[in-house]
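Engineer: Listed below are the residues making up each chain.
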Amino acid sequence: MGDWLSQNGLLLGLATLDGLSYAAAVFMVAVGLNLVFGVLRILNIAHGSLYAIGGYAAASLSLFLSSRGLPEWLSLPALVVAAALVGVLLGPVIERLLLRRVEGQEPVLQLLVTFALFMVLEDLQKLVWGVQPVVSDTPVRLLGNVEIPFGADTIPFTAYQLFVLPGIALLTLVGLAWFLRRTLAGRMIVAVTEDREAARAMGIDAAKVTLLTFTAGAALAALGGALASPVASLVPGVGAQTIVLSFAVVATAGLGRVEGAAVTALLIGLGRAFAVYFEPELEVVVPYIIMVLVLLIRPQGLFGTPETRRI
Amino acid sequence: MSVLLSARGLRIAFGGLKAADGIDLDVMEGEFLAIIGPNGAGKTTFINMATGYLRPQAGSITYDGQPILGLKPRRIVKAGIARSFQLPQLFTEHTVLENAALAIAARAGPWAPLAPLLQRRFRAEAEELLDRFGLLPLADRRADALNEGARKLADIAMAVALKPRLLLMDEPTSGVASAEKMAVVETLTRVLRDSRVTAVFVEHDMEVVARFADRVAVWGQGKIMALGPPQQILNDPAVLRDVIGVAPVGDGAGTGKEGAHAAT
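Quick note, the sequences are listed as chains W and B, same order.
The first sequence begins at 8 in this note's numbering and counts up one residue at a time.
The second sequence begins at 4 in this note's numbering and counts up one residue at a time.
Keep in mind the hints are simulated off the structure, nothing from the lab.
Among these hints, one or two may not hold up.
Calculated pairs, DMTMM-like style, for lysine to aspartate or glutamate (alpha carbon to alpha carbon, straight line, at most 20 Å) [what the hints assert, rightly or not]: (1) K81(B) to E128(B); (2) K166(B) to E204(W); (3) K81(B) to D212(W); (4) K215(W) to E201(W); (5) K75(B) to E110(W); (6) K81(B) to E204(W); (7) K81(B) to E32(B); (8) K166(B) to E131(B); (9) K75(B) to E204(W); (10) K75(B) to D212(W); (11) K75(B) to D202(W); (12) K226(B) to D245(B); (13) K166(B) to D212(W); (14) K226(B) to D239(B).
Simulated restraints, written as ranges between beta carbons of each label pair [stated by the list, open to error]: (15) T65(B) to V127(W): 45 to 55 Å; (16) F17(B) to V138(W): 53 to 63 Å; (17) L134(W) to E151(B): 58 to 68 Å; (18) W185(W) to R123(B): 17 to 27 Å; (19) R123(B) to A184(W): 18 to 28 Å; (20) E151(B) to A123(W): 40 to 50 Å.
Only a predicted model underlies this, so the values are computations on that prediction, with no experimental measurement involved.
Here a beta-carbon is modelled for each residue, glycine too, at the ideal position from N, C-alpha and C.
So that you can see chain W by itself, here it is in the shape it has in the complex (with noise of 0.2 Å):
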């Protein structure tokens, strides 16, 4: 164990380093999947296409910004402009002309039209920026690299995987619980969530609420997308393979507490990351590993409880 620890030492670290930096955006997106869910009941699959969307725009903005020759640190604020941007302009419409059509009705229905909207976003993902990989890493070179000592050695890490994208995740987490716990519109979404009817029958506009909590809800799914995109080239598919992911985090944490999803991500991120060092064949297995293992001893999630309301 000493043996394999000195030999491996330096990979763990980094491992760990990779693993905070990507559960640090697949939070993002789960953390936004749980929202919408937790308001509308229905499962939004075109929510990974958000993801990817956020991450376009992001790279584009920020490819834009140094066409026209201003300064680099404008590359920064632009990764959450453009998150912003994607879900103002596509929230509302998604919500208003598609989902609120299906509210309530068969879950196969709701998943087949966004299943359908899911497939309609990526093609136009290609339409719009191609087939070729989009990269921008100005924020990435922009912050250099940190050597962090580890044992005798140094572990080089940018400085922006191992800050910012970290830091925005633990911005978003503490914001997040404490408007949905201590502010007013964030109690009426926890009402909204846990009582369509009684919240109604108080007078609170439960239509508005769900459209805000949507439109919430893509802007994070597009700010993980952002973040992630100075680091992670991105290619069609992308929306996919991160929607899957964040099904895999949502349901292993269970619907509910936003720290939930956090600790799940968490375990999600660095899992992979493990896989990716150590045994890259089990990359795209372990979140499902640990998916399965989670609900086979807690069937309602590491942090849900079981649903005892009735129907």
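The hints should help you fit chain B onto chain W, whose structure is shown.
Structural biologist: Coordinates of chain B only, in the frame set by chain W:
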């Protein structure tokens, strides 16, 4: 006394079951009207129709002279009609105080996204409301940690927070231990009379009806079979046989088929 809510010719059927088959019913301003009848008769259906949850197949309902059929539940709340459900609809993730504040805030209308739930004006009003219901000592408990009597009261307090002129209650004492029942009814009567709320309530416990109601409507086979003051209705041999015989006093556990209608 003027008519506050008026139903004419209401008809609705679920499959072969005629829950309402030509219902005419007037609710007078300021009165407490009890609706009694066997389980599955359509009493909850009436509340659902009057609050926008269910559309009758025929007939009309006017409130304060205005037609309200086709309005969304939220619009009807704004118009002044609140309701409570057979099962308390408290938000279990919230404390009792937060539940009350949420109802007050919902009535207050447009809300700033980052405004705190327990800001001063909501907190003060919520505490005052809970105090009227005798619930202030329980304000910081989570809603799912209350006993059934307190839960029922808190649930109705949330409906009262909406400042309704008319409150429709679905079995306000069902599930409450009989020792507690009368205390719950006393509190309800006092608060509703103080705030001049007109009340319609579905009830199975005839003791509660006798104590609480100004008038009693007997709902059976989709029709209003009898209507009048409690001492008259509750001593009517036909009512005793058809209604009270079927649903004896104290049968308030509330597994009624109407609940199933409300949910489907």
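Engineer: All the hints need checking, so say for each whether the structure fits it.
Structural biologist: Against the structure, the hints come out as follows:
{"no.": "1", "hint": "K81(B) to E128(B)", "verdict": "holds (19 Å)"}
{"no.": "2", "hint": "K166(B) to E204(W)", "verdict": "holds (19 Å)"}
{"no.": "3", "hint": "K81(B) to D212(W)", "verdict": "holds (11 Å)"}
{"no.": "4", "hint": "K215(W) to E201(W)", "verdict": "holds (16 Å)"}
{"no.": "5", "hint": "K75(B) to E110(W)", "verdict": "holds (16 Å)"}
{"no.": "6", "hint": "K81(B) to E204(W)", "verdict": "holds (16 Å)"}
{"no.": "7", "hint": "K81(B) to E32(B)", "verdict": "holds (18 Å)"}
{"no.": "8", "hint": "K166(B) to E131(B)", "verdict": "holds (13 Å)"}
{"no.": "9", "hint": "K75(B) to E204(W)", "verdict": "holds (12 Å)"}
{"no.": "10", "hint": "K75(B) to D212(W)", "verdict": "holds (10 Å)"}
{"no.": "11", "hint": "K75(B) to D202(W)", "verdict": "holds (17 Å)"}
{"no.": "12", "hint": "K226(B) to D245(B)", "verdict": "holds (13 Å)"}
{"no.": "13", "hint": "K166(B) to D212(W)", "verdict": "holds (17 Å)"}
{"no.": "14", "hint": "K226(B) to D239(B)", "verdict": "holds (17 Å)"}
{"no.": "15", "hint": "T65(B) to V127(W): 45 to 55 Å", "verdict": "holds (46 Å)"}
{"no.": "16", "hint": "F17(B) to V138(W): 53 to 63 Å", "verdict": "holds (55 Å)"}
{"no.": "17", "hint": "L134(W) to E151(B): 58 to 68 Å", "verdict": "holds (59 Å)"}
{"no.": "18", "hint": "W185(W) to R123(B): 17 to 27 Å", "verdict": "holds (19 Å)"}
{"no.": "19", "hint": "R123(B) to A184(W): 18 to 28 Å", "verdict": "holds (23 Å)"}
{"no.": "20", "hint": "E151(B) to A123(W): 40 to 50 Å", "verdict": "holds (47 Å)"}
Hint violations for this structure: none, all hints satisfied.
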